[in-house]
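Since chain A is already given, all that's left is putting chain B on it; use the hints.
Number of protein chains: 2
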Amino acid sequence: MSGPNFEKAELLPVIAQDDESGDVLMLAYMNEEAWQETIQSGRVCYYSHSRQKLWRKGEESGNVQEVKSIFYDCDADTLLIRVNQIGGAACHEGYRSCFFRKLDPASGDVEVIGERVFDPNQVYGKS
Amino acid sequence: MSGPNFEKAELLPVIAQDDESGDVLMLAYMNEEAWQETIQSGRVCYYSHSRQKLWRKGEESGNVQEVKSIFYDCDADTLLIRVNQIGGAACHEGYRSCFFRKLDPASGDVEVIGERVFDPNQVYGKS
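Residue numbers (the numbering used here), protein chains in the order written: chain A, 1 to 127; chain B, 128 to 254.
Treat each hint with caution, since some may be false.
Below, a sample of chain A positions facing chain B; criterion: calculated Cβ distance under 10 Å [to be verified]: (1) Ile15; (2) Ser21; (3) Asp23; (4) Gly42; (5) Tyr72; (6) Asp73; (7) Cys74; (8) Asp75; (9) Leu79; (10) Leu80; (11) His92; (12) Ser97; (13) Phe99; (14) Phe100; (15) Pro105; (16) Asp109.
Quick caveat, the hints were computed from the structure, so don't treat them as lab data.
Think of the CB as a built atom: it goes at the ideal place given N, C-alpha and C, for glycine as much as any other residue.
So that you can see chain A by itself, here it is in the shape it has in the complex:
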């Protein structure tokens, strides 16, 4: 067998990494249906825990993730997908990466790194 093993868990974690910069953009989950859609469409499709349905990343904002390459780990239960992040921002808060907060473990201070690429209020509206 090759590829991720969905017999280990219904949902497997997926790390999205920017193919150009190497920045880690986000972590989300896929079920087998989302995985199949991703490899067939060439665009990353996650499964949303909270909404209990397929989450075609960027469907609303336009910030889709084009698949550049796919890796899976030694346990076949985690995926790493290198992507071309259309629109330049993966995070729904408008940042390039969801990991825009840096924590200083000594002081507990938090620093926002990276700038906002878009204003979430303008992209998602109030609906």
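For chain B alone, kept in the frame of chain A given last:
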């Protein structure tokens, strides 16, 4: 509140990224105790699902992960830690990264990328 929120889940996923190369090395989990030990010791300590205890990464192999910087995501339920991977290999199979298998979605072919840094049989022995 700042930092990861362990009220969301007992175990939070943690992405370890090589601070120099930007390579994603592995994904594992922390509970709050592992998190506290990590920030106090400056070495990454995970929590092992399967062994049900703290997993001081590299305790046996010597391949510890020195914390370089810590980020958490917009939902405060995922950590990204940039590390200095001592010994050059994060994966128990001896590879630099656990994501050493690349999958071609069109053909289903799997290619091993990256070379073995150590031979697991020599490092872990038979005990």
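Results for each hint:
1. Restraint check, A/Ile15 versus chain B: the minimum CB separation of about 6 Å is within 10 Å; hint holds.
2. Annotation: interface hint on A/Ser21 holds; nearest CB of chain B at approximately 8 Å, less than 10 Å.
3. For A/Asp23, the suggested interface contact is upheld, since its CB lies about 8 Å from the closest CB of chain B, less than 10 Å.
4. Of the supplied interface hints, the one on A/Gly42 holds, with its beta-carbon coming within about 8 Å of a beta-carbon of chain B, less than 10 Å.
5. With 10 Å as the threshold, the beta carbon of A/Tyr72 comes within range of chain B, its nearest partner Cβ sitting at about 6 Å, so the hint holds.
6. For A/Asp73, the interface hint holds, the least distance from its beta-carbon to any beta-carbon of chain B being 4 Å, beneath 10 Å.
7. Interface restraint check: A/Cys74 against chain B, minimum CB-CB distance 5 Å, threshold 10 Å, status holds.
8. Checking A/Asp75 against chain B: minimum C-beta separation of about 8 Å stays under 10 Å; hint holds.
9. A cut of 10 Å between beta carbons decides the hint on A/Leu79: the least distance to chain B is about 8 Å, and the hint holds.
10. The restraint placing A/Leu80 at the interface with chain B holds, with a minimum CB-CB distance near 4 Å, inside the 10 Å limit.
11. Here the hint on A/His92 is kept, as its CB sits about 7 Å from the closest CB of chain B, short of 10 Å.
12. The beta carbon of A/Ser97 comes within 8 Å of a beta carbon in chain B, closer than 10 Å, and the hint placing it at the interface holds.
13. Because the closest C-beta pair between A/Phe99 and chain B is about 4 Å apart, less than 10 Å, the hint holds.
14. The beta carbon of A/Phe100 is positioned within 10 Å of a beta carbon in chain B (closest approach about 7 Å), and the interface hint is therefore held.
15. Here the hint on A/Pro105 is kept, as its CB sits about 4 Å from the closest CB of chain B, short of 10 Å.
16. For the restraint placing A/Asp109 at the interface with chain B, the shortest Cβ-Cβ distance is roughly 8 Å, inside the 10 Å limit, so the hint holds.
Hint compliance for this structure: no hint is broken.
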